[in-house]
Every structure is written in structure tokens, then in C-alpha cells.
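K.L.:
Top line first, the protein sequences correspond to chains A and B. In terms of this note's numbering, the numbers along the first sequence are unbroken and rise by one, the last being 218. In terms of this note's numbering, the numbers along the second sequence are unbroken and rise by one, the last being 1258.
Bear in mind the hints are in silico, worked out from the structure with no lab data behind them. The C-beta atom is built at its ideal place from N, Cα and C for all residues, glycine as well. Accuracy of the hints is not assured; some may be wrong.
A short, non-exhaustive set of chain B residues, derived as facing chain A with CB atoms under 8 Å [what the hints assert, rightly or not]:
no., residue
1, Leu-1054
2, Ala-1081
3, Ala-1091
4, Phe-1097
5, Glu-1114
6, Met-1167
7, Gln-1168
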Amino acid sequence: MNFDWSILAAHLDLLALGALNTFLILLLALFFGVVIGALVCAGNLQTRRLLRLPSRIYTHIFRTVPEMALIFWIYLSLPLILGTSFSAFASGILALSLVAGAFLGEIFRAGIVAMPAGQVDAANALGLGFVARWVKVILPQALRTVLPAIVNFITELLKMTSLLAAITVGELAYQAYILGSQTFKYNEFFTSVAIAYFVLIFPVSLLARRLERRGGAA
Amino acid sequence: MTQPKIKFDRVTKRYGPLTVLNQICLDIDPGELVTIIGPSGSGKTTVLRVLMTLESIDDGVIYIDGEPFNKMRAGGALAPASNAHIRRLRARIGMVFQNFNLFPHMSALDNCIEAPIHSLGLARGEAVNRADELLDMVGLAGLRSRYPSQLSGGQQQRVAIARALAMQPEILLFDEPTSALDPEMVGEVLQVIRDLASAHSYTMLLVTHQMGFAREVSDRVCFFDAGQFVEQGPPQELLGSPKNERARQFLSKVLEAR
């Protein structure tokens, strides 16, 4: 079995474009995911059951529907309901953002719930107002607790971006598929793309492990 | 007759069907150190928590310097207090917790300047100067940049006392301040409280199981049981020869165990 290095070199521009798109998708989905997650988390922390309900429903739906089904549904079915269609790229970002919002919302909630009640007592006893209480006391501690979980989720999200190949979003896996089909050099392209994902994700994964260990020691 | 610094007027607190404070009444004079003793789970801590506004109360009125605290005067009647009203009076009260509750992500110094900057609006430099003085006073001048996890329990509790004092309160609440400490660290914390009681004019309310310490520093000891102040008096009297049967039983158990 020959491994044709030259074919990779010849199409490096498209592969690089794919990697860039993957990175862009990750950043956008993460950004919207954090915003949605914060809202979902705020809803989930309400003491009244009725106020919690929308967040509960949201979380259940987007954590249980398989990402692939959701991606196809948003790209192919949602336009039928709305009467307008979005680009594959926008549909993909929307799908991943919705999923990220559900997972990140639960992660944020875990961090806040895990904080000892005495911390809020102390903040109240010291007269810290709503903003200072959250910015100075609750969020720094909650984020520190869940940072490993967040970093872990980022690696999951990075892997999820490859699913967007199914709806022709030009990210890394899609480029490998297209280049492979044009040149019949599937092996070269998918092997190198698989390695590229590993090289991207492995350091982040190691970082999560380190953060977990550090968190356990503190 | 002087105005009581703190006055509980028939204060009631319920958790569901459980009445934790049952129409309690208590007057505390300015500068007085009152110790509350009683069985675990009797609601002693709740007395402090409602005073610190960490818990709401269901009935009755708490007065600070003669001003209704959980209510406010509106015309001739008492109306529910506004947040601003509660915040203004609450600033006169500081609290020290059983589990210290220091902010673990802040150094000892930062623990002591965060609230003065945000709540009192002090400039950072001034807050730092005052925090340093207070840390010095509790014997921790050299440890200002340590984080709580790098401090012993006794040191943490002394930082917590400095943090409470940094807010310039007139009233200090101590909720079993030595219960979470290893025995060898109890003394250093009690010494700080002793110094505060003798050298300053704070009005202090102390919940403790340290009967010897209560006898030594208290102006008055109150025995609390089943949601009420059952008996109160000078420490020698109450701790020496309590009249109430439950107080007598409690004290004989506690003193036996020592």
C-alpha cells in the first residue's frame, strides 16, 4: 500500500480551509452555546417549578436527540416550517449551538449547585450586592469547579463539528471526503484528517486531565 | 434606661411545620456580650441567622438601635422593609461562621478588602491599610497573601473575624466560632474574641459550647431550648445554679463531658 504524500501537498490549501472552517464553527457554536447555556442555567436555578420548566424541557430535548438527526432536521425540515432556508453553514452552527447550550447549561448549573451555601451566607453577611455576589464570589468558584468539564465538552464539540460534513459544510472532514472522492485517495485524506483531529484534541484532553487533578488537590 | 442595641420582639420563624423560633423576646444593651447556650438543633444558630437577615422571619419585629429592622415605619404602622432599609441596618452587623466561610479563591487580604470596597465604597488603598491593621490585630500580619487552603483552621477563623471587622460593624455575631476547630486551635480564636470584648465597644452575640469561655467573657448567658429563651442571667448564676430543669440537665451533661 503506497501512501501518496504528494496528493496531500497538492491539496493543502483546501485542507487548510477545512481546518479553518472547523475552528470557526467551533468558536461560533461555543460562543452561542455559552450564551444559551447561561440562560438555560438561570432558568434551571429558579425555585419555582413553573419557571424551571422551559429550561428542563430544553435540556432534555437537546441532550437526547442525536446530533446527526438534529443537524439534518434543522437543515432540511426547519425551512419547511419557517418558509425560508438557511445556508448549510448557518444551519450547522444553529444545531451545534443548541446542543452546546444544553450541555453547557447543565455544566454551569452543576458548578453553582456544588458551591457550599456558606459562601452565599458570607457574601450576604458582608453586604455584597447581587452583582458583586455573582461576579466576585459565585462565578469564580463555580467556573473553577467546572473548568475540566467545560474543556472536556469543548473536545466533544470539536468532534461534533465533523458531523456537519453530512450537510455539505466545508469543514475538515468534508474536505477530506470531497478530495478523496475526486482523487480516489480516500486513505491519504482520511488518515491525515484523523491525525489532524487527534493532534488538535489530544492536548486539550490532556489539559482537562491536568485541571481535574489540580481541582481534586485544592 | 438606655435603648437596647438589639431587640427581638416576639420573633417567630418556621420551617414548614417546625417552629424554630417561637415568639422569642430578647433585649441586648449596647456593648453587652450575650452568650446563647443550649442543645444542638434547638435553634440557637437561627437566632443569629435571622438577625443577620440570612433567614426571613414569619412574625414579630427585630429592632436595631430602636429602629424596626425587618419592618419599617410608614406613617403610624409598620410596613415590610425595603431592601435599602435592610441593607442600611444590616451594615451595622457582622457575622463569624462556624465553618469560617472564607472565600477560597481570594487571599487573606482580598477576603478582607472585597466587601469594604464593594459595599462601603472604600478606595482600594484605604481598604488595604485597614485590612492590614485588622490582620495584624488578629495576629496574622505576615500571612496576608496566603489563601485559605494554606492556613490552619484557627488562622482561617481569625481571618474571618478580621473580614467581619473590616466592615466596621457595631454588632458582632459569632456562630459556634470554635466548633469546627481542632482542640489546639480553639485557644487562639477565643483569645481574639476575648480581646475584642475587653478592648472594644462591640455589642456581641455568641453561640458557643465553650462553657468555661462563656462564663469568663459573658455579661449575660441565655439558655435556649425548643425555640425559646428558657432562662437567662449572669454567667455565674446561670451556669452555676440554673433554676430551669432543662437548663440544669443540659449543663450537667455538658459539664460532665469535659
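K.L.:
Evaluate each hint against the coordinates.
P.N.:
Cross-check of the supplied hints:
1. Annotation: interface hint on Leu-1054 (chain B) holds; nearest CB of chain A at approximately 5 Å, less than 8 Å.
2. The interface hint given for Ala-1081 (chain B) is violated, since its Cβ lies 15 Å from the closest Cβ of chain A, which is over the 8 Å cut-off.
3. Satisfaction of the interface hint for Ala-1091 (chain B) is found here, the shortest Cβ-Cβ separation to chain A being roughly 6 Å, below the 8 Å cut-off.
4. A hinted interface residue such as Phe-1097 (chain B) counts as satisfied when its beta carbon comes closer than 8 Å to some beta carbon of chain A; here the least separation is about 6 Å, so the hint holds.
5. For Glu-1114 (chain B), the interface hint holds, the least distance from its beta-carbon to any beta-carbon of chain A being 6 Å, beneath 8 Å.
6. With its C-beta approaching chain A no nearer than about 6 Å, Met-1167 (chain B) sits inside the 8 Å limit, and its interface hint holds.
7. The closest approach between the C-beta of Gln-1168 (chain B) and any C-beta of chain A is roughly 11 Å, which is over the 8 Å cut-off, so the hint fails.
Figure legend: structure checked against the earlier numbered hints; hints not met, in rising order: 2 and 7.
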